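Protein sequences, first through last, are from chains A and B.
Here the working numbering is used: the first residue of the first sequence is 358, the next is one more, and so on.
Here the working numbering is used: the first residue of the second sequence is 216, the next is one more, and so on.
Among these hints, one or two may not hold up.
Said to hold, decoys possible - Okay, derived cross-link-like pairs now, BS3-like style, lysine-lysine, Cα gap no bigger than 27 Å in a straight line:
1) Lys283/B x Lys364/A
2) Lys447/A x Lys227/B
3) Lys482/A x Lys608/B
If you are wondering where the hints come from, they were derived from the structure by calculation, not from laboratory data.
Here the structure is a predicted model, which is why all the values come from computation and not from measurement.
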Amino acid sequence: MALSTGKYGKYDPQSPTKDRITDIGPRHFWEFFPPIIQRNYGKWLYHEVLEPGVLVHVSETGEKVYTVRCGSPRLMSVEYVREICDIADKYCDGYVRFTTRNNIEFMVDSLEKVQALKQELESRKFYSGSYKFPVGGTGACISNVVHTQGYIHCHTPATDASSLVKAVMDELFDYFKSMVLPAKVRVAVACCLNMCGAVHCSDIALLGIHRKPPIIDHEVIDQVCELPLVIASCPLGAISPDKTPEGKRTLKIKVERCMFCGNCYTMCPALPIADKTGDGVAILVGGKLSNRVSEPKFSKVVVAYLPNNFPRYPEVVQTVKKIVEVYAQDARKHERLGDWIERIGWERFFEKTGIPFTEHLIDDYRLAYDTYRTSTQFKFTEAAWEVSRAAGGIE
Amino acid sequence: MFSPKRPQKEIKYQELRIYTDEELRNYTEEELKEFKIKHPIPDVEELEKGPWPSFVADAKREALRRRKLADDRMMIDRYVVEDLLGQLQLSFEDGETHWKHGGIVGVFGYGGGVIGRYSDVPEKFPGVAHFHTIRVNQPASKFYKTDFLRALCDLWEYRGSGLMNMHGSTGDIILLGTTTDQLEPIFYDLTHELDQDLGGSGSNLRTPSCCIGRARCEWACYDTQDMCYEITMHYQDELHRPAFPYKFKIKFDGCPIGCVASIARADISVIGTWRDAIRIDQDAVKAYIEGDILPSGGAHRGRDWGKFDIKKEVLDLCPTKCMWMEDGKLVIDNNECVRCMHCITVMPRALRPGTDTGVSILIGAKAPILEGAQLSQVIVPFMKVEPPYDNVKELIDKVWEFWMEEGKNRERVGELIQRVGLPKFLEVLGLPPAPQMVKMPRTNPYIFWKEEDVPGGFTRDINEYRAKHKR
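Let the sequences and hints guide you as you build the complete structure.
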């Protein structure tokens, strides 16, 4: 049977439940495994990264599977997917895989095929010169960025994602295609504090933030929103009932309590929060989720705000690049970004990167006290002397 | 070795296809170079430059394809991609998104899987006046055959924008942008022809996801794909029909490295582990020390880090210092090992996880909205898992029962545990407390003693007290 054509295809709008099939779940994974994967399932002994983007996995059966990994833009057209299929048909008997970080993996059973495949992938470029399938993203590298929808499809973003990722990866491209870092660096982008990209445990997280409180659409708010639900949605109790001069039910916002999380807008369309000058990007660093050596940990805010300078975000890109370069130079082998910072101390991180430490970086939300220094173990940097001077402790 | 819960249709693109070969090659590279979309988009076009794959250059070829397809060969607006790029340009200029808030659409009988989206400037960009997303439940660990992908592409180009995400943050294939009237026809063909269901959205079980597991990884401690598939199938109702206080995610990592980020992103994180000894090949250890095998599987080969030093790179980095060299052999005190896997990742040919494997179950991770970000916390240190995974299902059922009863609107289960306290949560699950569940015991002495904890209970007589103690 072919896929249907015509406006409604085989679906009959007059009787929507006719022949209805539901709750069948996803396709089963086994049929999508290449035969070499099926034959060696659970039998793998070890793997090796032969060169950036090329892996070999060796099985106890003696078989080897070679993987060529390449980056993708995640947001892709069916034309791009068909091109992936052409390559997979030509080299991989029609099998292909995607990784959690939006990379594409082509698997073959010999080194000769690897070379041909790699060449083909690297040779395919867009008319504008961008690679379509840059090979890399393995080992001590910056792999592909996991990210959210932004202006392409989201109603609550404080920045755009696809363009920010493109701008950052253009600049960090050499790190994607090499393995020169002390450890892997995971970069992630989320367009607002909802963080559907869950960037809170990334080595470097770029996060869209708002800085102005919501505007209240007094004219409609009572009709389009459940006011008690909106009041309850504010984690800081900043929203309370109010009346307009005409006596209509509405809300008011205690601005000094607002932390610009946007949760009220998620609950109520009559409280738009996005704003051209208010919105921008915060940078968080030092998170990880692997249990290797140290425990998983959250990323910490090191830059509270940089402007949304579309389409290339130069301020954000240069700051990220600076952090990566200082880390690459200063960290020890195997040390993740967050582990490096914990070894040298945050005061040293700010000194080495030249990122200014501002009052916005000191926590004053829940559990803030846990982040305050309660020991005399700290290093002296210029920032410390400034405090000493201000306190009259030194000249 | 594994099979679907019911027979599945074989997917043959040649039988399913909509477009002819001529239609699939309906533009040339030359035409593409000359092609201008109908809106001026200077900032968006800036993103065609640079080495990283350009989503703009890619989207424009889909725009050109649609220009050249016949009217009856696509069911939504010809200019949908051009209007999307035009709206993106306007969003850059305005510094604000141009999508309206929300929109409730879906397919009959489901409460999730489709996200409604409407432009707030439809008069300028009529092609994206409706631009709904469909989430398609990905196969476990995202392997595909091209027949399936090509068929999906034809379906999506014919009935949608032809733009998609491979994949969304939670794991689904995301089909970006179609109109309300096409939702049911798409669902009909997905289920009838591709034998494929939608994923989750809204306050329901979100599409579970897993790492590559034993398919191509030597460290996977259980069958992540099989468990992910079984749990997805078992909870189809919870996945499609929202009945929860908020979203709920389950992710399956094969080992503590955590390639699907379950510990940071899942309400229930199922993480493979072992409870016996790390397997050691002493000859291979020697080979690493002597420089015959590249450490870390060659992951650091881009830079000269000097000769491999097992003390500096392995022994000293062990978080519990439970390994040392003795007479040229590596000794591991496995009782003291916390399975961080660093030694294994550095010397993968010498060290392997044990063979008595299972999972650790951690609960409650979430992003910061609202109370702050949380990582999952240890609830069950070790559990054997075998199909059909009844022990895990029982645990999930208990968690849901409690959360659906006690959880407030938009309260994730991790926040609920914070609110009621871990002891209460353990009581609900019927699990004894253990030091593995905490980083440290409490530092304050404000313990919520229950009446039954204290001999004689809480009822006392003030007169009896006063008989001994004057006012």
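Agreement of Lys447/A and Lys227/B with the hint, judged by alpha carbon distance not exceeding 27 Å: With Cα atoms ~17 Å apart, Lys447/A and Lys227/B stay inside 27 Å; holds.
Restraint status (C-alpha distance of Lys283/B to Lys364/A at most 27 Å): Holds, at roughly 19 Å.
Given pair status - Lys608/B, Lys482/A, alpha carbons within 27 Å: Distance ~47 Å between Lys482/A and Lys608/B Cα, so the pair is violated.
When held up to the earlier numbered hints, the structure conflicts with hint 3 and nothing else.
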